[in-house]
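Peer 1: Spelled out, the chains give:
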Amino acid sequence: MRNFAAIYSKEMRSYFVSPVAYVIAGVFLFLSGYLFRNILMQFNLWCLQFGQRAQQMGGQMPALNLNEMVVTQFFGVMDFIWLLVIPMLTMRLFAEEKKNGTIELLMTSPIRTVEVMLGKFFACFSLYSIIVGLTLVYFVILEAYGSPDWGPIFTGYMGYLFLGATFISVGILASALTENQIVAVLLTFGMLLLFWLIDWSASFAGPTAAKILHYLSFIEHLEDFQRGVIDSKDVIFYLSFTFFCLFLTTRVIESRRWRR
Amino acid sequence: MIEVSELSKHYGDVVAVENISFKAEKGVILGFLGPNGAGKTTTMRMLTCYLPPSHGEAKVAGFDIVEESMEVRKRIGYLPEQPPVYHDMTVGSYLRFVAKIKGVPGPKLNSRLDDTMEKTGIAHHRDTVIGHLSKGYRQRVGLAQALVHEPEVLILDEPTVGLDPKQIIEIREVIKGLGGDHTVILSTHILPEVSMTCGQLVIINNGRIAGEGTPESLMAQLKEGEVLRAHIDGPPGAAVREMIARIDGVLDVSQEPGSEEGVFLVTSLPGQDVRDALTRQVVEDGFSLRELRPLDMTLEDIFLSLTSEEVTA
Ligand SMILES: Nc1ncnc2c1ncn2[C@@H]1O[C@H](COP(=O)(O)OP(=O)(O)O)[C@@H](O)[C@H]1O
Ligand SMILES: [Mg+2]
Numbered sequence: 001m002r003n004f005a006a007i008y009s010k011e012m013r014s015y016f017v018s019p020v021a022y023v024i025a026g027v028f029l030f031l032s033g034y035l036f037r038n039i040l041m042q043f044n045l046w047c048l049q050f051g052q053r054a055q056q057m058g059g060q061m062p063a064l065n066l067n068e069m070v071v072t073q074f075f076g077v078m079d080f081i082w083l084l085v086i087p088m089l090t091m092r093l094f095a096e097e098k099k100n101g102t103i104e105l106l107m108t109s110p111i112r113t114v115e116v117m118l119g120k121f122f123a124c125f126s127l128y129s130i131i132v133g134l135t136l137v138y139f140v141i142l143e144a145y146g147s148p149d150w151g152p153i154f155t156g157y158m159g160y161l162f163l164g165a166t167f168i169s170v171g172i173l174a175s176a177l178t179e180n181q182i183v184a185v186l187l188t189f190g191m192l193l194l195f196w197l198i199d200w201s202a203s204f205a206g207p208t209a210a211k212i213l214h215y216l217s218f219i220e221h222l223e224d225f226q227r228g229v230i231d232s233k234d235v236i237f238y239l240s241f242t243f244f245c246l247f248l249t250t251r252v253i254e255s256r257r258w259r260r
Numbered sequence: 261m262i263e264v265s266e267l268s269k270h271y272g273d274v275v276a277v278e279n280i281s282f283k284a285e286k287g288v289i290l291g292f293l294g295p296n297g298a299g300k301t302t303t304m305r306m307l308t309c310y311l312p313p314s315h316g317e318a319k320v321a322g323f324d325i326v327e328e329s330m331e332v333r334k335r336i337g338y339l340p341e342q343p344p345v346y347h348d349m350t351v352g353s354y355l356r357f358v359a360k361i362k363g364v365p366g367p368k369l370n371s372r373l374d375d376t377m378e379k380t381g382i383a384h385h386r387d388t389v390i391g392h393l394s395k396g397y398r399q400r401v402g403l404a405q406a407l408v409h410e411p412e413v414l415i416l417d418e419p420t421v422g423l424d425p426k427q428i429i430e431i432r433e434v435i436k437g438l439g440g441d442h443t444v445i446l447s448t449h450i451l452p453e454v455s456m457t458c459g460q461l462v463i464i465n466n467g468r469i470a471g472e473g474t475p476e477s478l479m480a481q482l483k484e485g486e487v488l489r490a491h492i493d494g495p496p497g498a499a500v501r502e503m504i505a506r507i508d509g510v511l512d513v514s515q516e517p518g519s520e521e522g523v524f525l526v527t528s529l530p531g532q533d534v535r536d537a538l539t540r541q542v543v544e545d546g547f548s549l550r551e552l553r554p555l556d557m558t559l560e561d562i563f564l565s566l567t568s569e570e571v572t573a
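From first to last, the protein sequence lines stand for chains L and V.
First residue of the first sequence: 1, per my numbering; consecutive thereafter.
First residue of the second sequence: 261, per my numbering; consecutive thereafter.
Same shape as in the complex, but just chain L (with noise of 0.2 angstroms):
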């Protein structure tokens, strides 16, 4: 515990001391916001058009749906950002402890390889989580405005914690596999995108084979969370699929220990 303190607070520290997590998280900000401003603007277009639409019909006409029309849609353009963020939060964990002879000083420690493992991943989580934390504002704006449905923002919001937990055990990964960030980012994008986008080819495969790529697909598993429904098969798939890729970056990194 006290290990894993120690490397947890170690890793926040370089985060916040370098400009690293204020560059990411502002961009990310900026962009979110953004985006979250012309989603608002379209939906601004869309109530006025309809409103006219109404008016010309000179009947009753169901009321437009603020949580499908801005929150699903801000939620959509989200995850996508986050693809190319975590990876450049990740990069440096393992990469840079490697390039800077560091590594030695942990490996020669009487530390075990899951404490380093896990004080890093705790606090690329916590840093994540705070990022993600801070676009709760857009929705305290919306709520000014209008009425959203707080329940599937609120899942949403967990959905993410999941999602970023999955995507920063694979950025952990590639890490872990070598030394040079640059490819660590390579790497991470790599496989965030195949594992995104890779129940597209479920429509080309046989039933069985499209079910668990189905399954294995990290957009599936978030939409029930946007929708505002939390199903264990998803908080299952995420957390295996995090633990699955923690084990291996431990692996990875004791390997040296057992190559004779």
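Honestly, I wouldn't trust all of these hints.
Stated by the list, open to error - With a straight-line Cα cutoff of 27 angstroms, these simulated DSS-like cross-link-like pairs (lysine-lysine) come out:
| no. | chain 1 | residue 1 | chain 2 | residue 2 |
| --- | --- | --- | --- | --- |
| 1 | V | K436 | V | K379 |
| 2 | V | K426 | V | K436 |
| 3 | V | K426 | V | K368 |
| 4 | V | K379 | V | K368 |
| 5 | V | K436 | L | K98 |
| 6 | V | K283 | L | K98 |
| 7 | L | K99 | V | K395 |
| 8 | L | K233 | L | K211 |
| 9 | V | K334 | V | K368 |
| 10 | V | K426 | V | K379 |
| 11 | V | K334 | L | K99 |
| 12 | V | K283 | V | K436 |
No lab work stands behind these hints, which were simulated from the structure alone.
Everything numeric in this text was worked out from a predicted model, so none of it was measured.
Position chain V with the ligands relative to chain L; hints supplied.
Peer 2: Relative to chain L, chain V with the ligands alone:
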């Protein structure tokens, strides 16, 4: 304190270390001497549990480096070739981090930090970011990192490489003060380093041990075939040299490079003292002997002779 027996390390087909064995008792400073690529770093990485050996075993502070790696790691301080520092941390927070992962108990933490920084002379840089320090000070921080938990065994990989002469002297002073309390293994490819700091020497070349002992005993080993320096006043030309070469027991005569005419280096066969015979012969031929003294083997010579023998063998 450290017992290495028949340790080998292969990287694929590359044999980095082959069958080395040596011992270091508690409190000694052992110099691990060899040219670049000899296998020093590889050996130290095995002793610090960073790399597993391909064959053989080693015990550090009584624990096996493979089976009881955690116990070994608690008892060693290790300064790798490249000091393992985080460039964005301050000296103080870095050492605090290291002390924590090395298991220094909370109440002792502050006094250990003060003590270590004092010993390595970096106390006034406590709040300096490590990336802003000079190479010499970064090396001291690396040394402090290895010392902070008062380990029984210290393993230092080329601790003075890349430093300027003044910094080298300072670091050496620090290291010299460490023997007694700690068992120290120190690798280097620079000779003066070991002759000044180490009580015991292991010379390694091409992954094998090429010589072992105290600096004095290594010197005695090599004394067998002795070299004399003789300054003889005589006619110019080859006459004097031929006269010396004819003496019983003389293996080789040569003009000392860079000296005035008449200064010769005389190598005798192992175990034979040719000084009396040489003196008599010189007088007999009517020359005069200005100087005759055995040339002391410097550590440099030991090193060269031991390692070059291995290369040709
Ligand atoms: N990771 C590695 N992979 C392959 N060969 C290596 C590796 N590390 C070292 N070697 C080789 O092992 C030999 C010993 O290297 P090293 O222990 O670093 O020597 P030294 O520290 O004495 O200079 C060298 O020939 C080197 O090229
Ligand atoms: Mg080396």
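Peer 1: Check each numbered hint against the structure and report the violated ones by number, ascending.
Peer 2: 3, 5, 6
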